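Asker: Input sequences plus hints: build the corresponding full structure.
6 protein chains.
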Amino acid sequence: MNNKDVHDKGLAIRREVLGAAYVDAALKGADDFNRPFQEFITEYCWGAVWGRPGLPKKTRSMLNLAMLTALAKPQELKIHIKGALTNGCTKDEIMEVLLQTAVYCGVPAAVDAFRTAREAFKEAGA
Amino acid sequence: MNNKDVHDKGLAIRREVLGAAYVDAALKGADDFNRPFQEFITEYCWGAVWGRPGLPKKTRSMLNLAMLTALAKPQELKIHIKGALTNGCTKDEIMEVLLQTAVYCGVPAAVDAFRTAREAFKEAGA
Amino acid sequence: MNNKDVHDKGLAIRREVLGAAYVDAALKGADDFNRPFQEFITEYCWGAVWGRPGLPKKTRSMLNLAMLTALAKPQELKIHIKGALTNGCTKDEIMEVLLQTAVYCGVPAAVDAFRTAREAFKEAGA
Amino acid sequence: MNNKDVHDKGLAIRREVLGAAYVDAALKGADDFNRPFQEFITEYCWGAVWGRPGLPKKTRSMLNLAMLTALAKPQELKIHIKGALTNGCTKDEIMEVLLQTAVYCGVPAAVDAFRTAREAFKEAGA
Amino acid sequence: MNNKDVHDKGLAIRREVLGAAYVDAALKGADDFNRPFQEFITEYCWGAVWGRPGLPKKTRSMLNLAMLTALAKPQELKIHIKGALTNGCTKDEIMEVLLQTAVYCGVPAAVDAFRTAREAFKEAGA
Amino acid sequence: MNNKDVHDKGLAIRREVLGAAYVDAALKGADDFNRPFQEFITEYCWGAVWGRPGLPKKTRSMLNLAMLTALAKPQELKIHIKGALTNGCTKDEIMEVLLQTAVYCGVPAAVDAFRTAREAFKEAGA
Numbered sequence: 002m003n004n005k006d007v008h009d010k011g012l013a014i015r016r017e018v019l020g021a022a023y024v025d026a027a028l029k030g031a032d033d034f035n036r037p038f039q040e041f042i043t044e045y046c047w048g049a050v051w052g053r054p055g056l057p058k059k060t061r062s063m064l065n066l067a068m069l070t071a072l073a074k075p076q077e078l079k080i081h082i083k084g085a086l087t088n089g090c091t092k093d094e095i096m097e098v099l100l101q102t103a104v105y106c107g108v109p110a111a112v113d114a115f116r117t118a119r120e121a122f123k124e125a126g127a
Numbered sequence: 002m003n004n005k006d007v008h009d010k011g012l013a014i015r016r017e018v019l020g021a022a023y024v025d026a027a028l029k030g031a032d033d034f035n036r037p038f039q040e041f042i043t044e045y046c047w048g049a050v051w052g053r054p055g056l057p058k059k060t061r062s063m064l065n066l067a068m069l070t071a072l073a074k075p076q077e078l079k080i081h082i083k084g085a086l087t088n089g090c091t092k093d094e095i096m097e098v099l100l101q102t103a104v105y106c107g108v109p110a111a112v113d114a115f116r117t118a119r120e121a122f123k124e125a126g127a
Numbered sequence: 002m003n004n005k006d007v008h009d010k011g012l013a014i015r016r017e018v019l020g021a022a023y024v025d026a027a028l029k030g031a032d033d034f035n036r037p038f039q040e041f042i043t044e045y046c047w048g049a050v051w052g053r054p055g056l057p058k059k060t061r062s063m064l065n066l067a068m069l070t071a072l073a074k075p076q077e078l079k080i081h082i083k084g085a086l087t088n089g090c091t092k093d094e095i096m097e098v099l100l101q102t103a104v105y106c107g108v109p110a111a112v113d114a115f116r117t118a119r120e121a122f123k124e125a126g127a
Numbered sequence: 002m003n004n005k006d007v008h009d010k011g012l013a014i015r016r017e018v019l020g021a022a023y024v025d026a027a028l029k030g031a032d033d034f035n036r037p038f039q040e041f042i043t044e045y046c047w048g049a050v051w052g053r054p055g056l057p058k059k060t061r062s063m064l065n066l067a068m069l070t071a072l073a074k075p076q077e078l079k080i081h082i083k084g085a086l087t088n089g090c091t092k093d094e095i096m097e098v099l100l101q102t103a104v105y106c107g108v109p110a111a112v113d114a115f116r117t118a119r120e121a122f123k124e125a126g127a
Numbered sequence: 002m003n004n005k006d007v008h009d010k011g012l013a014i015r016r017e018v019l020g021a022a023y024v025d026a027a028l029k030g031a032d033d034f035n036r037p038f039q040e041f042i043t044e045y046c047w048g049a050v051w052g053r054p055g056l057p058k059k060t061r062s063m064l065n066l067a068m069l070t071a072l073a074k075p076q077e078l079k080i081h082i083k084g085a086l087t088n089g090c091t092k093d094e095i096m097e098v099l100l101q102t103a104v105y106c107g108v109p110a111a112v113d114a115f116r117t118a119r120e121a122f123k124e125a126g127a
Numbered sequence: 002m003n004n005k006d007v008h009d010k011g012l013a014i015r016r017e018v019l020g021a022a023y024v025d026a027a028l029k030g031a032d033d034f035n036r037p038f039q040e041f042i043t044e045y046c047w048g049a050v051w052g053r054p055g056l057p058k059k060t061r062s063m064l065n066l067a068m069l070t071a072l073a074k075p076q077e078l079k080i081h082i083k084g085a086l087t088n089g090c091t092k093d094e095i096m097e098v099l100l101q102t103a104v105y106c107g108v109p110a111a112v113d114a115f116r117t118a119r120e121a122f123k124e125a126g127a
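Residue numbers (the numbering used here), protein chains in the order written: chain C, 2 to 127; chain E, 2 to 127; chain D, 2 to 127; chain Y, 2 to 127; chain B, 2 to 127; chain U, 2 to 127.
It should be emphasised that the hints constitute simulated quantities derived from the structure, not laboratory data.
Just to be clear, a hint being listed does not mean it is correct.
If chains are identical, the list can't say which one is meant, so a pair holds when it fits in one copy or spans any two.
Claimed, not checked - Each computed PhoX-like pair below joins lysine-lysine, with the alpha-carbon atoms no more than 20 Å apart: (1) Lys123 - Lys58; (2) Lys123 - Lys29; (3) Lys92 - Lys58; (4) Lys123 - Lys83; (5) Lys5 - Lys92; (6) Lys5 - Lys123.
Nothing here was measured: the structure is a model prediction, and the numbers come from that model.
Answerer: As structure tokens, this is what we get:
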């Protein structure tokens, strides 16, 4: 941890977006091998970037759905689709984002993302 | 061309976002080899997706900046950074999008995107 | 749906290549969230591209195996390996395509593709 | 060089597909740093894969255009578009391959590939 | 097989790094469809590259962890994490490699890699 | 800047690895648009990761060459090839890294990397 304030702000945002239960389990399950990484992403990703006031969290969620589809990261995509719902995205808006990925990232990337989204909605009871 | 209405709506949006001069030059420069592709993207990309009312154009622009950075497509990124300015994104908002790509797509992708953005701003007089 | 003729031609090709049972199940399982996407790919991917007469379907199948390996999309790859068999590719030709991906996309991409192909052959009884 | 016969077969195919002048210049320009790599690709890529009889060279060329577009390798793509012409692909067939990449690899990948193809045709006087 | 000596050297290294039981099962399970590929990677990957004396095997393992994370190949990554332990990498060194991937390949790639590493350690009893 | 100590350590390493003249020019050329990003990478990339004692700088350089080849980032690759020379890599070791990328990332990625390396050596007078 390099900066306790940034880390703590990041932890609060991470718990707010991804759910306290999920994040607390991830941190509690950390061991010596991945604890430095968990602290790194809490501070670097959630504190230093998500903690910036320049964009609404809902917009940051939509950007993540687009990037995680482009990068083919289904497990992270599922987590962030639930986070997008938490941050105020509607299912229709998520559909629009994924339709747009079909054109720019290719149809197979979007096929995978639509499948992941259906699983995420089911798990989230949305 | 499969549907003249969708194509024409797409052409109008494409000219509005990317600039009439740029689009008209692209279409005028088309030959038998790439004309079917030009018509395809006008209809498929700009008509059938950008033409949907479900997201503001400004949001679609931000999604594109994130995807084009993830996909490492600097020439298209430059065009869409100018389009983002046209669609109402501020330079600060573009900076926020690119900072977020650094975390999700990796620092080298963001280094390239920041360089491209500076070139785009210069060309656009922004 | 933007053009009923293109959509219907696409639907016929999609059912022919991927199998009527598979496609009908996908369409029947669609809900408000992914129905627009299902229609989109039927019309634009299967109608507007696969429906073009410029290449034999067997060639289009081989191109897809190469691209889906390069893009690391195993679920779509499996579906299209079965489609390639339907379109007249032999197992030996599929092997040749995948050997070529090893050189251009890297050995790990080809390892995944060979594994997927064995699963596809098993499911298809090939 | 591990097998002189495979290497020599590879060299003959490489010169036939990419042009003797181009290949001879590449080999003549090699130094201690990249000579092992030049020998490696001559033997393994051109001898051990392209040298297999299981697919026509024209088909291998089309597969390469699809993969090199998916992998975003414009310089190699240009070389292999010229090679595709040498191997008997028509400009119309190349257009069909690139249209198909638009759907599977995304529109920006195809935009880059169409631009590269136009440069390749110009350089090849096609 | 193009060169028996290179193939045999490759086979010895492959068995040493990935474990004799694993490799022998892969080769025994090969059929006409993937046997040429198995021979190809034994000779080309393990003989002609891993067999070069220019880098210690431990370094080659670390390079592979970085590349397989960048390329998003979790199954191969798991195999090579076990191979890295065999080649003398400590868990702390593997952690350092994966932390570095977070910055260059993006956080989601590293999240996947840390998850894979924990599975690999468990399977290897490390 | 979240932690001055980490930032300052990062700045020292960045200047040491990439060259003081290059880094100072980058920082001096920064404006309001990319200054937050420059500070971000100095602190998180160079301070929080490169500043960790767990791997020698020479090893971190080799990992970067492998990742930047896999990610197709030629401009960053060129900078880090020069940095690798500074960190004690020989040209022969760099050749070994790039040969290994040919197998795992594919031959076209390695072709690009070898070309970039030759440019980097020339610029560095190596």
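Asker: Now tell me if each hint is right for this structure.
Answerer: Hint check results:
1. Within a single copy, Lys123 and Lys58 get their C-alpha atoms no closer than 23 Å, and across copies no closer than 29 Å, so neither meets the 20 Å cut-off.
2. Only between protomers do Lys123 and Lys29 lie at most 20 Å apart by alpha-carbon distance; the minimum there is 18 Å, versus 26 Å within a single protomer.
3. Taking the shortest Cα distances, Lys92 and Lys58 sit within 20 Å of each other both inside one copy (16 Å) and across copies (18 Å).
4. For the homomeric pair Lys123 and Lys83, the shortest alpha-carbon distance inside one copy (10 Å) is at most 20 Å, but the shortest distance between copies (29 Å) is not.
5. Neither within a single protomer nor between protomers do Lys5 and Lys92 lie at most 20 Å apart by alpha-carbon distance, with minima of 36 Å and 27 Å respectively.
6. Within a single copy, Lys5 and Lys123 get their C-alpha atoms no closer than 36 Å, and across copies no closer than 32 Å, so neither meets the 20 Å cut-off.
Going down the numbered hints, you'll see the structure goes against 1, 5 and 6, while the others check out.
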